[in-house]
Every structure is written in C-alpha cells, then in structure tokens.
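Number of protein chains: 2
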Amino acid sequence: MGKTDWTQLWLTYHRVFEGNCTWETVLEGFAASDAVVSNALSEFKRGMDSIGCDSDSMTLKITKSDAVPAEGYSIKGDDNGILLEASDERGLLYGVFAILRQTACGKRAAEVNETASPSNPLRMMNHWDNMDGSIERGYSGESFFFENEEIVINDRTVDYARFMASIGINGVVINNVNVKGAASYLITDRYFDKLKELSEIFEGYGIKLYMSLNFASPIEIGGMDTCDPLDSNVISWWEKKIKEVYENLPGLGGFLVKADSEGRPGPFTYGRTQADGANMLADVIAPYGGIIIWRCFVYNCTQDWRDTKTDRARAGYDYFKDLDGAYHDNVILQIKNGPMDFQIREPVSPLLGGLTKTNQMLEVQAAQEYTGHQIDLCYLIPLFKEVLDFHTHCAPGKDTVADVVSGRTMGNRLGGMAAVINTGNDMNWTGDDLAAANTYGFGRLSFNTDLTAEEIAREWIRQTLNLPAKEEDILCSMLLRSREIYERYTSPLGIGWMVTPNGHYGPSVDGYEYSRWGTYHRADHLGIGVDRTDKGTGYAQQYYPENAKLYNDPHTCPEELLLFFHHIPYTWELKTGKTLIQHIYDSHFLGEEEARGLASDWDSIKDAVPEEIYTRVKERFDLQLDNAREWRDQVNSYFYRKSGIADEKGRTIY
Amino acid sequence: MGKTDWTQLWLTYHRVFEGNCTWETVLEGFAASDAVVSNALSEFKRGMDSIGCDSDSMTLKITKSDAVPAEGYSIKGDDNGILLEASDERGLLYGVFAILRQTACGKRAAEVNETASPSNPLRMMNHWDNMDGSIERGYSGESFFFENEEIVINDRTVDYARFMASIGINGVVINNVNVKGAASYLITDRYFDKLKELSEIFEGYGIKLYMSLNFASPIEIGGMDTCDPLDSNVISWWEKKIKEVYENLPGLGGFLVKADSEGRPGPFTYGRTQADGANMLADVIAPYGGIIIWRCFVYNCTQDWRDTKTDRARAGYDYFKDLDGAYHDNVILQIKNGPMDFQIREPVSPLLGGLTKTNQMLEVQAAQEYTGHQIDLCYLIPLFKEVLDFHTHCAPGKDTVADVVSGRTMGNRLGGMAAVINTGNDMNWTGDDLAAANTYGFGRLSFNTDLTAEEIAREWIRQTLNLPAKEEDILCSMLLRSREIYERYTSPLGIGWMVTPNGHYGPSVDGYEYSRWGTYHRADHLGIGVDRTDKGTGYAQQYYPENAKLYNDPHTCPEELLLFFHHIPYTWELKTGKTLIQHIYDSHFLGEEEARGLASDWDSIKDAVPEEIYTRVKERFDLQLDNAREWRDQVNSYFYRKSGIADEKGRTIY
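Protein chains in written order, with the working numbering: chain X, 1 to 654; chain S, 1 to 654.
Isolated chain X, as found in the complex:
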C-alpha cells in the first residue's frame, strides 16, 4: 500500500459547494508555458473542479504587478471571479494555492481576499533520508526519495512537490545531514541525471533542490588525504567538483553541512574554524548563486557525566559567537531552536539573535523524535510560535527570533526557517494522520509567522477533514492542548531527556544520566536540575542581560524552564503554592489523564471522520495511553523512591 497509493493530505479538495462552474483564465504578463504557471493553473482546475462552485461561470484573472513583493500575492474575489496579482511566478503559484485554501475552507469567490508575502526568504524542509531507503528519526515508513541507493522519481514525487508548494516551501534538502556511503556520491555523475529530473520537478513548484554535503568528500570520493579547508589542493578539488555539479544541476540551491558533530568530519580536524570551513565552500559556490547552510549543532559528544563544568547547552554559542561577522554573505548558520536537541521544552538558543552579523536560519523538528514518534499526539506549532515570538533583546523593536531569521533585524538577504520533516512512504505520509498538521503548520508558519497556532490548526482541519463545526472545535482543541499534555507526562519543568536511550520513545529517567551525551538531570534525594546560572555553568549568561538576569534567578525564571536553569529542592514552593515534588506528581497524573481525554475526544468525533483515518489514529492513541502510563508511573516512582516524599493525594506510586 505505502508505495503504490497515498493520501492527498490537505489537498484532498473535499466538495464544499454543490455545483460546478466553468472557470475562464486570463493571464497578463505571465507565460502559460512557464512550468510554474502551468502547474498552478492545473492545480487550480483540479482543486476547483473538486471543491465545487455555486455560480455558472467565473473568471480567474492573473496579472503581473511589480507592486506585489517577491513571492507574494494579492487575491480579491467578487461575484464574477477572482483577481490574482503577483510579481513573479512563485507568487502566482502561492496565490493560486491561497485561493484554493480559502475556497476549501468554505469561502465563496466574492469572499476571497488576501494580500500576503513570505515572512522568511528561505522556507525549507530537511529530509533525514538515507540512500538505502531508511530515514533517521523517521516514523512514517521509508524514504520516497531513495531506495537501494537509487533516486526514486514517480507520481508521488510530484504530489510531494505540490504539497510543499501549497504551504510555501521553497527549498528542500533531500538527504540526511549525516552524509555517508552512497550519499557522498550524490555530487558525482552517478546521480546527476536523476537529480536533474528531480530538480526540474521541484522547480515547477517553485522549490529549489538542496543536498547535504559530506565535508570529507575530497577524501571519500576524491581520493585525497585531507579535506583541510585551507589546503589549496582541497580548494581546487572543490572548485572543479562544484563546477561539474552546476553544469549538471544548474538549478541547485546549494548545500547543507553538518561538520564536526557527532562523529562527522569538519574543519576542527585541521585546526581550522567553522568559518574557515563554511567560507571556503561558500566562495567556491558563490559564482553559481549557491548558498552554504552550516549547522551549528556542534558539541562534545564524549562528555564525562562526572564533569559538572562542561555544559552541552553552552556549546553552540561557545563555538560560533566569536566568529560572528566572519561568515561570508552566502553562508547561513542553521541553529536549532534550543541549545540541546529538540526536547519538548527548552529555552531558545542564545545564538539566535546572539549573532548580529551573520545570516541565521531557525531549525525546528517536525519529526517527533523526542515528542512522541508520531504515535503520541503533539501539535508542535505552539512550540514553534513560542520560539519565533521570543524576545532576544538583540535590537530595539525588532528583536524576536522571527525578526532575526527573517532578516528584519539586520536587513540581510538570507535567512529563514527549516524543519526536519516528518514524512515517509507510509500511505498517509506521516504515520499518524494528525501529525500532518505539523508538516502543514511548519510551512504555513514559515510563510507567515503572524499566523496563530489555532488559525493554522483550523485551516489544516478544514482542508484535510472538512469537519462540522463542533467536531472541528474538538479536534482543534485536541491539537492545541496536545503539546502541554505530552510535556506534563514526560520530563518536568524543562529538564528534558529521561527518554529511552537511542530510540528516544518512552521513559528512562536515568537513561542519559550517566552517559557521554551531556544530558543530565542531576537528581539526588534532595532535589533535581542543572545549575546553569553564574554560579553554575554560566549558560544563562550567554543571553542578553535582560534574559540572563531573568533566567539566573530561580524566583524570576519562567517555571516551565526552572529545572533547566536551576538545581531545585523537592520542597521548593512553586508559584501555585505546590512543592516541586508535588508538582511532579500532579502533572504526571494529570498528563496521563488528559492523554486519555484526547483519546476519548477522538472517539467522540468518530462518525465525522473517514473510517480508515479514525482507525489509524485510534491505534496510535492506544499506544499513546500505554506510553503516558509508563511515563507517569516511572517518573513518579523514580522521584518518590528517591525523595521519600509521599504524594499528598495518596495516589498509587510504585
């Protein structure tokens, strides 16, 4: 099933209107022969034929207008049709998808009305797909890009591009950032033909193809004995290689690089800086208009748990802040939202906005690695929003992360948002049908960071399931509550981890406590948490003074991050008047109960949902309940056994 049939996700185009009408299309200033334009018009017809229309005949008039910003659109309907204005083909495409979205959400032509242009220059999906077909941290089947070390192109590829275009994605990295084996050969003629075909499909939907690059390519595929970025032979090798790549793939957007991280090679090997590495590649690729996206996920992954001075949370800032301003114009640093690794709750990375002279891109993870493996419901848009809205205090009036990565703060040209995508070749693309709200939501949010989590949820529900109002409200509420529910039954107050090592699903309170990964909670019989204040690791001081001060004091530190910044006694009184230990018990009992609530909410809308979707999601809720129960009982037992402090309410703790 997975490989031969698949759903249309939010492009299902449910019938909303009873009748059908003929749409006449008028193009002004755009060529119908352009691939993007042609795809947009086909999509328009496909969507409108399916959604329906209660008039007889209507006109879609598309006009080129330089007044509309790049990639933007203006759409305005009346009783006779809709006028779409755009200054470029991508804007036209996005405008068509906007009309389809509004129509699918129930608006008649006369009600269609929107002017929009993207918040972020780059809106990217990062696939962690391996060429053997596996997906690192994939929870939805195998890759639809790769199989047995070959590139797969078929109808599904086109549908994927349609989905991405419909939410405003304009760049896709198709292969895992950990580039090994055959993936190192993606920049050789072994794969150019297929890559070109893929790149052209993408371009027809306004998407640039990107690839992850192996920094050690000169050694691994070039047969050299070094990949030192300052070695002139290495530079020549790259010049020749990149020339060859662009001769074959003229539309390539550039490369994503994970260097010096978790065993990946990088400039540190040769005593060079991260800037040395990134700039060398950037200079080589600049003549072709390409960019280098350099990940900041660099830390010591062979830490000693006994060492309380080294702090993994500090690593990104420590490695990259000093080089601020040293990166060339076509380098972008890609920074994970938090300083650790996609936990359910982390502070915002101090690098975001901490860098003031460097292109920055926010990296989030739609794939639910630590947030429930697309089994547990966890709508992540509220988390992404929190990050975007965070005031870094880097510049007056335009200091949010959204300001920084969009380019508004620094006036720079490159920046944006990237998500580690949560798709695979499962027939529903995301394993959990409801997880597609994260795929959809990331795209929409990266296009318009002002959208609320609820607006996005409702758009997604309407287009995907077209539920009656009451059922829509229920599902919308489920999505909006799900992240905090997941947080409640997992690790408390920002401390993170406590997950089963390697797999990262299910509880193991001490699973990472004595490991080499820098991921500790430091719980003893009196308290728990990591002292990251000026008396501890000093991590809090990596923020601008306003935030540094706030985080440094346990009385002002936002409580949801209390244990991330402070080692706190179990008897500490929280703002609610509860002790810390009682909060741990209460939130875990509550979280598990609420998870059961989610499952019964889902049951309550059973009749409004297609049976196969109901069943698939129901099966996941069954697993989520097991998981929530395990988390509740293991965390509560762990802390009861360690603290000896009983639950005030006398509930069962083992």
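Honestly, the hints are just simulated from the structure, not real lab data.
Please note that the accuracy of each hint is not assured.
Unchecked claim - In silico lysine to any residue, SDA-like type, Cα no more than 25 Å apart, as pairs: (1) S:K241 to S:V152; (2) X:K535 to S:A646; (3) S:K535 to X:K578; (4) X:K649 to S:H525; (5) X:K107 to X:A469; (6) S:K649 to X:G527; (7) X:K578 to S:R641; (8) X:K241 to X:N300; (9) S:K309 to X:D647.
To be verified - Simulated coverage check for chain S against chain X, where a stretch passes if three residues somewhere in it have a Cβ under 8 Å from a Cβ of chain X: (10) 501-510; (11) 517-530; (12) 637-646.
Glycine residues also receive a C-beta, built at the ideal position from the N, C-alpha and C atoms.
Got chain X sorted already, so can you dock chain S onto it with the hints?
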C-alpha cells in the same frame, strides 16, 4: 587472521624436556584402525614430539580392561614407559590426553599416574552460533561452524574437536537454542552431507553431534498449521522427519530444545505441558538412541514492573516441579545454575535436586554475557564449583548438585553438565586469551567435579603458557580472585542486573528496573532488594526446608545473597559491622582498586608471556579499568543520590 590462523590454546605443547625419544606403541584389545584410537595415537606423537622426553626410547602400552569404568582410564608410568588401561575408545583417548597433560605439566613418564573416570555421563558444550555466522552473546568473533547459512568444515574444525576431547567433552550442540531461519533447515537434506562430515570428525574425538531444534518445525519447514505435540499428524510428521535425520546422521546424539521461552514456540501455545512437548519428541527419537534435552528457561518475559507478586525467579520451579516424574527416560531437563540468568551471583536454582524423578543437566555460561564480555577478567570455575558443591538437601549424603546431575542421587543414567561456550573465530578462540581458562576449566570440571578451581587454573596455565613458578603463582592468583573482584565493582550482594540493557556490558543501575524482564532491585531512598521470603514472593520456599529457613531470615541468609532474598535498609548492619550503604561504597572502591591491581599483576609478568598474548590481554585490561571505574562511580553515585548517606571515608562520589 581470525579465519586462517589460530592458536593451539592449552594444546600448544611447549617444550618441557630437552631431549626427544622414540615412543613404541603397543595396542592390546583396541584396533589401530578405529578413528578414535588412530586420532589418539597421532595426538600422542604430536604432543610428545613437541614436549620432549629425556630418555632414549619408551613404550606406550595400551590395554583394554573391563575393570576400568566406561570412558575412564588408568595411566601409570615407569622408567621404560607408560601403561594405559581403558575399557573403551573414549577412555583410551582421554587417557592419552591425560598423559599429555601430565607431561606438559612437567611430569616425567615415571611420575605419570592417575586413575579417572568421568563424574558426569554428559559433558556438553552449547554453541549459540547462528547460521549467518553471528554468535548470540559471542565475544570472540564469528562462528567457525557457520558462514552465510552454510556449514564450514576445515582444519579448525578438527582442532576444535581435539580441544574438546582433551578436556573430556563428549557432546556438542552446534547451533543457537534460538532456532530461526536457515537453522530450522538443519534437519533437512539441505545440510545432511555437511552435518555427516562434521559428525564423523566429532566422533573421531569421542564427541556426539547435537543440534538445537525448532519446536515449530512442522509449521516452519513442514507447511503444517500446527505443532501441537499431541496432534497425530504432528507426531507422524516428526516420526518421518526423525527417521530421515537418522538415516542420514546415524551418529546424532539428539536435540536441545528451548520452547515457550522469550518468544520461542512451544507446547503452551496448544494448552499442553512441557512434558507433553518433550515426551513426544523423546518417544519419536528413542528408537534411534537419541535424547531430548529440554531447557527449563521458561518465564514470563512481558512482566509489569509495577507487579511485585510475580517473581521471575520462581518461574522454572513453578513450571517444571509439578511434572517431576512425568518425563520419559530419554528426556533431560537442562537447568541454568541460578533462577535468573547467569548473573555474577545467584542462589542455586531450586529445581536442581528439587526434581527427584527427572534427569537433570546443569547449564552454566562460559560465555561472559553478564560477567564482562571476555574483556573483564572473570575466571568462572569458582562459581561453577559453588554450584556443584551446593547442598540441596534432596537426599541424605548425596544431595549436592554434583550428586544430582551426575546421577549419583537418583541412580539415573542420563545427566551431566552443559556450558554455553565462549569461543568464536578470533585467532585466539576466546577474544581474551585468559578466558580460555573458562573453556578449559568447564570441560575438566565436568569430567571431574572434585578438581579445585586452583588445580584447574594451574593445569591451564602450565599447558598454555608454561610460566616460571613465580609468574604462574601470580597469574593463578589473578584468576582465582577475578570473580569476586568483578562482583565487588558491579551489582551488590546478589541483586544482579544493573547492566546496560540488551548489550549487558557496563552499568545502568535502573536499566532493567522499569522493564518487562522481571529483573528488579526495588531500590528507594531507604533500602534495596527483593523480598523473596514467605512474606514476599515466596521464592525462598521453593527450597528444601533447611535452605528455605536459611534464606528466609535476613540474619541467617548468606550475605552475598542478602539482596536477592530481602529488601534491606541502607542502615542495616552487616556481619562486618558495616552498614549496607557503606558496604556498597567500600566494595565498589575496593573492586575498582583491585581491578587496577589485576592489570598491574599482568604487567608484572609481561616478560614471561609471549608478546602478542601480553598485548592482547593488556588491551582488555585497559578496557576493564574503564568499565570498573564506570561501575564504581555510577553505582556509588546512584546510591548516594538516592540515600543521601555520605561515604564515611569521604571519597569522591558524584
């Protein structure tokens, strides 16, 4: 290297005497053409030529004597030669190896003198080798029996048989008890030719070939829809199959079966008893003189950690005791030494001797799954001896485990000892050269359960390394102390586990605490241990009254098993006057220190040991020290953080 060259282990035949002499051989009552006799005489020549001899010419006279028990021998030397008496070919072979052993250990012909016959009817090695070449819980490379689903036979096979014969092994199970994939087809004509060849090599060294059997064979290879042992079609299928097997492999000893365990199929699936399953196969195989060895490792491996009533330790007795007497004569129950799974310290399984009307075989593990992966030095013979010497109180005067499994207690014909072997295709066979002392020791001990751990260690050292007296003393002391050292730095007082899940190397105190495996320590802020008394799970009551009483009371329970049987407060005073928590700290600091002592002892004999052996073992000690340090610090930190009780001596705990 591993596959094309290998060491001769304890058959290295170091030169002990300066000269060489001619040995005349006189055979009386034995045929020189018999494979076993011929192999014995070749081995004699090979060994003596290498060891040397200070006379001119000598005679080895071999006489058949029915006065010598089966498989036994009498050897007696004088200035002119040696007289070997035996009643059968195996006895002759073992007698020759005994002469070689004594000579290699420095005895002149005139000093050779021993009368011996095996303590146990069956002395077996169990290989957990898979047909893809991997070895379950193998720490010495890949299988030398299997590669790419084919059987491998070469010179190494013959050497393996020589080694086994030299220590008295008379049965070998070549494939993993978890029979899957190609291994299910070992009883089909796909493998008969090769198996016959292997079986004949084995027979030339007095070894019977055995195989592990897939209880679900009627389904998996027979295409039936059931393997119900009482189904007449199933029985017919087995009758035909076993007939076919014995037509092709007339020398086959029989089968080892793991049923209804850890996901393996078995009679429980059909509502049948373990006896129903074993007896059916036994009846089918009886006409060919074959036996069925049925493992008692049956327990619930999907336990809920919250459930304190279910006790995995009880399972073997609970499942098998009631059926005592129901098993047919050619069935042997193979029982692990302890009720859990080869931990560094467990009580003896109450099934051993608890069954009084059933053939029993003791199963131990030479492969160091939980005892250091053949990285950490852990000479296991003292552990095996403790088990053999344990008084079960099943019968007056002959109640030890050695009495029970040898057949002395019940007067039964079948029984003995089996070891999960620790070999692989590493050039030194056992990864750690010193781990071969366990391979050697198991064989010798199963042949003569009266040998001491020290006698065996010295025999092994002399034959393997032929060290000067001082160095032999040092190495012997290292071996004899190693098990308790390993115990000191790992889990305390019999509680076991606390290992990294799945891999089973290195510490993870809570690694199995919230798992499905029934392996819990139940530590909280006040104490640790599992209550297995009559107030707890009642496991202690599975023993005969004398032992049940002893174990039931924490004041009389042997302290090395205290936490296995009792939940004990950290402040409990041990016989040494120390509190439990102080004992935990002290033993972990001491164990780590002693491990360092072992490593420096090894350094101190460096010059007396071949360089390549020195280096290989040294590398392992380096790893052992890391491991011991991790164990020390993680266990101490865990209990300090949990109890809040400081180390009296103020040493560093994290």
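Unsatisfied constraints (hint numbers, rising): 3 and 8
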